Structure formats: C-alpha cells, structure tokens
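A.B. asks: Sequence:
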Amino acid sequence: MKIPIVFPDRNGFHFIVLPEERIDLLFLNGYMGISEISEQEYSKKVCAPGMIVFDIGANIGQFALLFASLVSPSGRVFAFEPCTETMRRLKANIELNNFKNIITEQVIVYSLPGKTMKLNIFPPGRSVLNTLGEPAMRVRGRPGVRLEPVQQESVGTVTIDSYCIEHGIASIDYLKIDVEGAELDVLQGCICMLRDKAIRMIQFEISQEMLKGMRRESHEIFTFLNSLGYQCHPISADAELLPHVQDTNSYFANFIAMPIVKV
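The numbering of the sequence shown is our numbering, which starts it at 26 and goes up by one.
Any given hint could turn out to be false.
With a straight-line Cα cutoff of 20 Å, these simulated EDC-like cross-link-like pairs (lysine to aspartate or glutamate) come out [claimed, not checked]:
hint : residue 1 : residue 2
1    : K237      : E130
2    : K143      : E120
3    : K70       : D198
4    : K140      : E191
5    : K143      : E178
6    : K140      : E120
7    : K69       : D34
8    : K69       : D198
9    : K143      : E110
10   : K70       : D34
11   : K237      : E173
12   : K70       : E265
13   : K287      : D221
14   : K143      : E173
15   : K222      : E191
16   : K116      : E159
17   : K116      : D34
18   : K143      : E234
19   : K69       : E242
Hints are computed from structural coordinates only; laboratory data are not their basis. All figures in this text were calculated on a predicted structure; none of them were measured in a lab.
All chains should be built: construct the whole structure from the sequences, respecting the hints.
C.D. replies: Take a look at the structure:
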C-alpha cells in the first residue's frame with residue numbers, strides 16, 4: 026500500500042507528500058518549492074521580522090512556511106485555503122514544522138463577503154488546480170484528454186477589507202494571491218486598503234488557462250491595480266524587479282505590484 030511520506034523542500038521545510046504527487050514531477054516540483062524560485066527568493070529579500078503577510082490560496086503551505094520563517098518571531102502569516110482536505114494538509118505541515126505564527130482560515134477570499142460558493146476540486150495530488158472557474162486543463166502526454174474536477178465543495182466567502190476590519194489589521198506588508206483565475210475578485214475585495222495604500226507589496230499569479238476558466242483576461246488585473254496607484258513588475262530569474270508592465274502574454278507568471286512612488 027502506498028502511503029504519504031515526508032519530503033524536504035529547497036528551503037529546509039518538510040512536507041507530507043502523497044503518492045500521486047511523487048509520480049508527477051510537475052506537481053512534485055510545485056509542492057517542493059522547485060518551481061517559483063524567483064518568487065521565493067524575492068520574498069526572502071523583502072519580508073522581515075514583525076511583518077504581516079497574507080497568503081491567499083495557501084495550498085499545503087509552500088509559501089506560508091517560508092513567510093512564517095521570514096517574519097518570525099513577532100510577525101504573523103494569515104493563510105487562507107478553502108478546500109477542506111488541502112486545509113487539513115496545510116495544518117499538518119504547519120505542525121510538522123512547528124510554526125506558531127501562522128493563522129489558518131478555511132474560506133474563499135472574494136470580492137463580496139458572506140456568500141457561499143462552489144469550489145471545483147481536482148483529483149488527489151492536484152490541489153494546486155482547485156478553482157472557482159471551469160478551466161480546460163489538459164493531461165500531460167495525452168493529447169485531447171482533459172483533467173476534470175472530481176467534486177465540488179461549498180465554502181463561505183470573506184473579503185480582505187472585511188477580514189482586516191474584523192481582526193483589527195491596519196495594513197498588510199506582503200499579500201500573496203494564487204487563486205487560479207480569481208485574482209481580480211480578491212483584489213476587488215480589498216479596494217479600500219488598496220486606495221489607502223495599506224497593502225505595501227502584492228505578489229499575484231497570472232495563469233491564462235485559469236483566467237479563461239473564470240472568463241477573465243489578464244489585462245483586467247493590471248488595469249485595476251494601475252487605477253488604484255499600483256505598478257506591476259515582472260520578477261527576473263535572479264529575483265529582481267523588472268520595469269513595470271501594463272499586461273502580459275505569458276502563459277504562466279507571477280508579478281509584484283507596489284504603490285507608485287511620486288517623485
């Protein structure tokens with residue numbers, strides 16, 4: 026019988042890995058921190074002790090554990106993950122690595138609070154694909170075959186604005202958004218904090234297939250942030266910010282948004 030085992034990632038944290046993840050290098054690399062290296066290294070440059078970090082779409086904790094180590098001992102990480110099974114694994118990984126400064130919330134972070142929405146759940150080992158949308162995901166090596174969700178889960182919604190008011194959080198130092206196409210919805214839910222420039226840095230993902238599944242386009246995210254006084258920068262291979270852009274045709278990429286500095 027195949028059972029989960031514990032794997033170390035590139036940052037020295039330990040994760041419980043499923044058999045399905047071990048046989049698929051695409052997903053194993055994502056879980057073990059071998060992908061999105063530039064994003065990891067950038068966060069190491071800018072996250073410091075005492076900071077408040079929000080991880081929206083925390084999955085099993087790949088970034089949440091890194092953030093927690095960087096902002097310790099006095100900083101806090103708020104990790105939001107809507108899927109029950111993925112949240113169970115997130116909590117197990119937090120406990121495995123003995124972090125005490127990560128607050129977990131099983132909710133959908135969205136543009137409106139107090140709603141109940143259907144989350145599409147993909148097969149075991151594919152939780153990074155869980156989404157509110159309906160993407161046409163393909164199976165690698167099997168042309169014409171789609172990877173389909175296997176179930177739905179009803180989950181309540183919250184906005185960043187409402188959550189911060191409720192919990193007395195005046196500002197966020199680093200906001201990471203990885204929600205498989207619903208990035209604009211998350212940002213619309215923190216419009217008050219964005220207007221006040223109370224969010225200092227935003228790491229957000231662009232995944233064109235996931236955006237299609239939400240009937241969104243990448244330019245909408247950039248336009249929204251620009252309208253609120255934020256510039257969006259690609260991240261170089263050596264974890265430096267490149268000149269700001271207004272959109273992207275990259276199939277998959279992460280960007281850093283920061284308030285425009287007026288000279």
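A.B. asks: Is K140 within 20 Å of E191, Cα to Cα?
C.D. replies: Within the cut-off at roughly 17 Å; holds.
A.B. asks: K287 and D221 were given as a pair; does the straight-line alpha-carbon distance stay at or below 20 Å?
C.D. replies: holds, 15 Å
A.B. asks: Are the Cα atoms of K143 and E178 separated by 20 Å or less?
C.D. replies: Since the Cα atoms of K143 and E178 sit roughly 6 Å apart, the hinted pair holds (cutoff 20 Å).
A.B. asks: For a C-alpha distance cap of 20 Å, please report whether K143 and E110 respect it.
C.D. replies: Given that 20 Å is the threshold and the Cα spacing comes to 15 Å, the pair holds.
A.B. asks: K70 and E265: Cα distance at most 20 Å?
C.D. replies: OK: K70 and E265 at ~10 Å, within 20 Å.
A.B. asks: Holds or violated: K69 with E242, Cα cutoff 20 Å?
C.D. replies: Outside the cut-off at roughly 30 Å; violated.
A.B. asks: Is K237 close enough to E130, meaning Cα to Cα at most 20 Å?
C.D. replies: Violated - the C-alpha atoms of E130 and K237 are around 27 Å apart, more than 20 Å.
A.B. asks: Do the alpha carbons of K143 and E120 lie within 20 Å of each other, as the hint requires?
C.D. replies: Violated - the C-alpha atoms of E120 and K143 are around 28 Å apart, more than 20 Å.
A.B. asks: K69 and D198 were given as a pair; does the straight-line alpha-carbon distance stay at or below 20 Å?
C.D. replies: holds, 13 Å
A.B. asks: Quick one, are K116 and D34 close enough, alpha carbons at most 20 Å?
C.D. replies: Answer holds: K116 to D34 is near 17 Å, not above 20 Å.
A.B. asks: Holds or violated: K143 with E173, Cα cutoff 20 Å?
C.D. replies: Answer holds: K143 to E173 is near 15 Å, not above 20 Å.
A.B. asks: Quick one, are K143 and E234 close enough, alpha carbons at most 20 Å?
C.D. replies: This hinted pair holds, its Cα atoms lying about 19 Å apart.
In this structure, the hints that do not hold are numbers 1, 2, 6, 16, 19, in rising order.
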